Amino acid sequence: MKYLLYPVLFSCLLLGSCGKGFFDQYPGDVLSNANFYTQSGDFEQGLNAAYANLRNNYRWWYVFGDMTSDDVYNWKRNNSSTIIQFNESNISSDNSLLNDLWNSSYATIARCNIVAGRIGNITMDETLKQRYTGEAKFLRALIYFNLVRVFGDVPLVLTEVTAAQQSFGFAREASDKVYAQIVQDLKDAAATLPDVYTKNNDIGRATSIAAKSLLGKVYLTRKQYPEAAAILQEVIGSGIPALLPTYTDVFSPDNPNNKEIIFAVQYGRGFDPQQGSPFGNDVAPNEPVNKIVVAAGNGQGTFLVTDDLAQAFTTADTRKQAIDSATGTRKYYFTNKYFDPAITKANDAANDWIVLRYADVLLMAAEAYNEQGQVTPALTYMNEVRHRAALTASATTDKGTLRTEIAQERRLELNCEGHRWFDLVRTGQAKTVMNAFFEKYKADDDQAGKSSTIQDNELIFPIPGFQVNLNPEKIKQNPGY
Amino acid sequence: MKVLVLLQFLLFTFVYIAQAQTDTNRNVASPRMTIDTQALGEVVVVGYGTRQKKDLTTAISSVKGAEINNLPTMSAAQAIVGKVPGISLQQGSGGPGAAPIIRIRGSGSITSGNSPLYVIDGYPTSDGDLFNSISPSDIESIDILKDAAAAAIYGSRAGNGVIVVSTRKGKAGPAKFTFDATLGQNQVTKKYDVLSPQQFVDVAKDWYANQHQALPAIFTDPGLQTPTDWQDAIFRKALYSNYQLSASGGADKVNYAISGGYTKEEGVIKRTGLERYNFRLNLNANVSKRLKAGANVLAFYSVRQDQPLGGPNNQSDIAGILGEAISLVPIVPVYRPNGDYMIIPRDSNLVKIFNTQIYNPVNKIDANNEYTKSVRLLGSAFLEYEVIKGLKLRSTLNIGATNERYEQYVAPFISFRSNDAGNISTPNLSAIRASRSNSSYTNIYWSNTASYDVDLAADHHLNALLGYDVARQSDYGIRLDPRTDKDNPVAFDNPNITNVQGAVLNQGASFNTGYTFDAVFSRLEYSYRNKYYVTGSLRRDRSSLFGPENRAGVFPSVSLAWRLANESFIQALPFVSDLKIRASYGETGNDQLSSYYPWLGTMSRTDYVFGETDARVRGYYPGGFTNAGLKWEKNRQLDFGLNLGLFQDRVYLTADIYERNSNAILSAAIPSVNGIAQSYIDNVGNIRNRGLELALDTRNLTGELQWNTSFNISFNKNQIVRLGPNQTQLANLSAGGGYPGDWLNVIRNYLGRPMGDIYMYKVIGVFKDEREVNTLPKLGTQGIGDLRFQDTNGDQRITPDDMTYVGNYQPNFIYGITNTLNYKGFDLNVVLQGSQGGKMVNAFERMLTSFRQLDNSTTAALHRFRSVDDPGDGKTPIAGSSNVGTNINPNTRYLYSSSFLRVRTLALGYRLPSALSRQLHIEKARVFIAAQNLFTFTKYPGFNPEANFYGDSAVQNGVDLGTYPISRSISLGLNLSF
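First to last, the sequence lines map onto chains A and B. Residues 117 to 597 (this note's numbering) make up the first sequence, in order. Residues 8 to 985 (this note's numbering) make up the second sequence, in order.
Mixed in with the good hints there might be a few duds.
[Said to hold, decoys possible] A short list of chain B residues far from chain A (calculated; beta carbon distances all over 12 Å): (1) E49; (2) K359; (3) E414; (4) Y628.
[Unchecked claim] Here are the simulated DSSO-like pairs of lysine-lysine, each with C-alpha atoms no more than 27 Å apart in a straight line: (5) B:K260 - B:K212; (6) B:K299 - B:K244; (7) B:K399 - B:K299; (8) A:K566 - B:K775; (9) B:K380 - B:K244; (10) B:K359 - A:K461; (11) B:K399 - B:K178; (12) B:K299 - B:K71; (13) B:K244 - B:K71; (14) B:K183 - B:K931; (15) B:K299 - B:K396; (16) A:K303 - A:K245; (17) B:K71 - B:K60; (18) A:K566 - B:K882; (19) B:K260 - A:K558; (20) B:K946 - B:K244; (21) B:K60 - B:K396; (22) B:K769 - A:K566; (23) A:K447 - B:K212; (24) A:K447 - B:K60; (25) B:K60 - B:K380.
Rather than coming from a laboratory, the hints here were simulated on the basis of the structure. Please read these numbers as outputs of a predicted model, since none were measured by experiment. A virtual CB, placed ideally from N, CA and C, is assigned to each residue, including glycine.
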């Protein structure tokens, strides 16, 4: 019988095997979702991650805002077919840049939703809590504004998605509803955010000035001119932002968050991991030219200035200095708003991507007043911008003429900053201007493509095809794509 | 329920053990019918035990040490290439010591690994490098458990099959020594067929003429040209040597096997190579009549030197050393007169003429010092106690440890794309890269079994196994980048630099992860009269890798065999020497996930800057969703097999058909509006593999001239049966990568299709004249001499929608043939290996087919379109097209058949006559001359038809973008035993 002892001992070993705790292994080197967002500092860092994602949101914004317009083109031989589709207004729904914008936009929104949603239950400084909530709402509004202008109706996600399967539940919402949310968020943000920040580590975060300026842009887009003029007037009246005396100083890599900047996507040079901007490399031609334009190698040639824009400036216009030129296999024009002379490696420029600046506010105010027939304030604000560019003041009194002048001023002042296409769409000029441009330059395959045209349906872009296929019941494609 | 089954099984076993007590005195030996042929007497390793081959009920293939000891290969994995059906060994890289990618019965997983589990002397590991480090001369046998019933005893980790390696043990008797030495030379099997200097100049002249540009002087004045073969500049004839010495023997109570060796293999690419030291000790002692004890230690130290060879760098495909060596223009020198490296972008004469994205590969090779030094140890000790005859308790403790040290130092004369100012005369201190990292991996694995082997009655044989295994594993690593600043000069390899500008502060990284695992398992085998066999096994595993809700998994299997050879009606047939039919079903798991915590959503870090002066701030965001229900990938496999021996087994056929359904963990796509993740890890996929394997061994001649042939062939069909909700395909994958628009969407994985379909534009010719350009469908802007693509959807224009299915990387079948001839003292060993029916994308050629003045081209350029009257071969574009980007988009000019037949090994040995060797006090002395990879018959123009840039991915495969070329080796060797 003693032999029975062994199996018994053995089975004790088996049955008394390792307890449950033995298997509870957690990473020793990363935080898990469950133990974050518990204290004030976590929310600041959660918001920082939303700000940081603006870099992804705006990475290809020039393709949506400028490439599509008569201002910017892509050097075709770099074979960047996704960008060429935008240049020639021939965008297919599987274009990866659509997916990039869609995905990154909702990522920023989610980070804002988590902060706004979870902060309520946290015991922390009440002012800070208000401010964080306001920042989250500003960023969310900014991104929805971009989404609704690019895609039209979009899913409206306003709370944290806590389980993967919930992702299938969101359908596209009418753009009116999206706009209503944007306006509400911006009003809330304007009410809770400070006008300025004093700590260096905070400068560059959303302010009430930024919220009001963006709200002005939203109203203008919705053609709510009195509301637009009123809120923009508040910004102008605040005395906080101002024009810099010299146009090119606005874009200087060593002058971030200067007086004129209202809100910008921030970049810095020489950090590790890299915090620099890639635009300087994009704007430079993709072949050796007669001057060194980027620190190493060539540029990408995906963000070149059209002859049409380069030649639109009058001789006296100092803003022309922001456009450089060089010669390789063709004559190139390119913006130097994103050049950083101190750059030491590729894609590491310090130049910020400006989202809102005071000149934009002045021109928006001019437009809002002019559309209401108030020519005097319109002229005043437009001439402020002209004055800085060393141009003589305009004395136009005809609303229609002034409308054209303001539009032209916007083009020259804000070129290569991601505005042109949306300005053309907002003012109803996109088809006319672009089809004329395509016709005029059709001999130059790089700049315009040989047979490009714009149709009515192409004023908004296709929803990423992948997202449509994944959730066909809720996400329908835009017409014509 | 599952627990109940397990308990019943336990109880059943114990009751039987108890009953068996009562008649221990009974003589258990019963007369067994035996067919004594060589093959059937072989012992095969099954999980936690061994069986005679004739008693197998499952699909197991074996390679004996004797078959591979004589091959001139340096690793075990290379030695079994072509030898076994159902196992694919893709030699994707030819680098020193590189292991083939091993697949047993296809790929069943999308996001997890598809590599088999290795069990090395009882120690289960997924470390292929450990397996690959073992010297072939130390190997007693390699057994490959292919069907799930064979593998199920290894449960949760056996889903991709199991490779069981047994190293040599000592045998009782006087000491025996062996000494093996091999010396050889390697060189690339082929060079890329690029244009000669003169041919290149012709293409360039054509380019300038067609572009209406002035021809630079370098193309007309041979005095300005320096003919250079850039491939010769980076390749070399490389030496290798291998020495192994062993001693083994034993007295009645103790036996031992000790071996040690040294291997050095230079790479065929300069400044690459591998050096390895190995030793092994195996000791077994019969402590008492019933108690056995033993220990086994394997130790390796290796130093590997690497170079960054392939692939896209940053924003251009032209980056890796190989790509540069084939695409650099052949008329510029390696060095400038002052001793500096020639760097096109920094050379005022060349910068405007040639491609400024191609740097000097010799410069990179010389500047990059990259070493991986690893120590691998595997030690185990066991005790085995025989309680009563046939009942054995065994406990084994294994410790596996790997310590890996990685060092890289890039000297300041480096010149590369984003930092190109460095050279010999102008050291660029900001380009210095220096890093060191160290990682340490330990695994404690304790395995306990009770086995009982008994003849119950005259004709009934029973074998039962019970066991419990438990493991705790930890993985830890730190990395430091001691980039220099003036207070911290580079600490190693370059003591001369003391003052550095453009410095970056030190940065570091670390990881620290752990894993725990345990398993209870049991197996019961029963046979009746050696005719009917039934085996059942059941195993329960728990692992910390999975969600807390689903840590445990149960893996059953059952297999049946009927050995017809022992039935009288078959025995009546004199020519049939063996006949057996088998059937099995089993479930196995796969835990080769990409992370230790795949179920857990973790926070990701990102940085940002704020301020009037840029100040960095840190941000955190959720990197994914938590899935507490994540569980094992489960494979369900059904197998039917046949063994047939004819004429005293001179002809022996093994055939198996199988179906393997893998419930795959998959990163299921979810709408990205959630903002947290675009996919979600869950057990939602289903991959099916169906296949047929045949192995035919024949002893053709058995007289003085002996001739044996082994032939094997495997067919496998793979299909994606299910993906996530509404998901009809996995995200498209690129066959190149780099800047947006580069060869995206070429590799696709659709529901209902095999993994890895290839989609491309179909080339149907070139535009011959203006009329064709004006009337035929075009892709963007195209002109005369540009490629014409097929308008597959008939919409009169060419768009990405016209990219169409053109093939799949998976072959229809793979095969191997081994012929062994012996005549007197001579032996000849020929191993052929082949693959048929796969396609592959030569993305490497993208940079070689622009036909322009900037960079070199393949010799396809010789067949280019020149004019309507001289259209070349009608499918090759013009030199000097303005639409190069269109001509080099993913189209079928880059698609090739990957079928090949390779003479893997050709070895001729001569064994000294025993009379002579005995005089020298040598038992056996053999000299041999051998060639590896002597010929490869293939239409593929690249270095290697098995190359895959994406490593061992099953869903992104068949893309050549610069992997280490395989080499042809010629070696001389000596085997002595005394």
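The hints, checked one at a time:
1. E49: holds (32 Å)
2. K359: The claim is violated: B:K359 sits with its nearest Cβ about 6 Å from chain A, within 12 Å.
3. E414: Check passes; 20 Å lies beyond 12 Å.
4. Y628: violated (4 Å)
5. B:K260 - B:K212: violated (82 Å)
6. B:K299 - B:K244: Between B:K299 and B:K244 the Cα gap is close to 51 Å, so the pair fails against 27 Å, i.e. violated.
7. B:K399 - B:K299: Roughly 10 Å between the alpha carbons, so the hint for B:K399 and B:K299 holds.
8. A:K566 - B:K775: Status holds; Cα separation ~20 Å.
9. B:K380 - B:K244: Cα-Cα ~24 Å, so holds.
10. B:K359 - A:K461: Judged against 27 Å, a Cα distance of about 22 Å means the pair holds.
11. B:K399 - B:K178: Holds, because 21 Å separates the two Cα atoms, which is no more than 27 Å.
12. B:K299 - B:K71: holds (26 Å)
13. B:K244 - B:K71: With Cα atoms ~33 Å apart, B:K244 and B:K71 exceed 27 Å; violated.
14. B:K183 - B:K931: Holds. B:K183 to B:K931 sits at ~11 Å (cutoff 27 Å).
15. B:K299 - B:K396: holds (14 Å)
16. A:K303 - A:K245: holds (17 Å)
17. B:K71 - B:K60: holds (13 Å)
18. A:K566 - B:K882: The hint holds at about 25 Å.
19. B:K260 - A:K558: The hint is violated at about 93 Å.
20. B:K946 - B:K244: Holds, at roughly 25 Å.
21. B:K60 - B:K396: Roughly 23 Å between the alpha carbons, so the hint for B:K60 and B:K396 holds.
22. B:K769 - A:K566: Status holds; Cα separation ~24 Å.
23. A:K447 - B:K212: Holds, because 24 Å separates the two Cα atoms, which is no more than 27 Å.
24. A:K447 - B:K60: violated (78 Å)
25. B:K60 - B:K380: violated (41 Å)
When the structure is compared with the earlier hints, violations turn up for hints 2, 4, 5, 6, 13, 19, 24, 25 and for no others.
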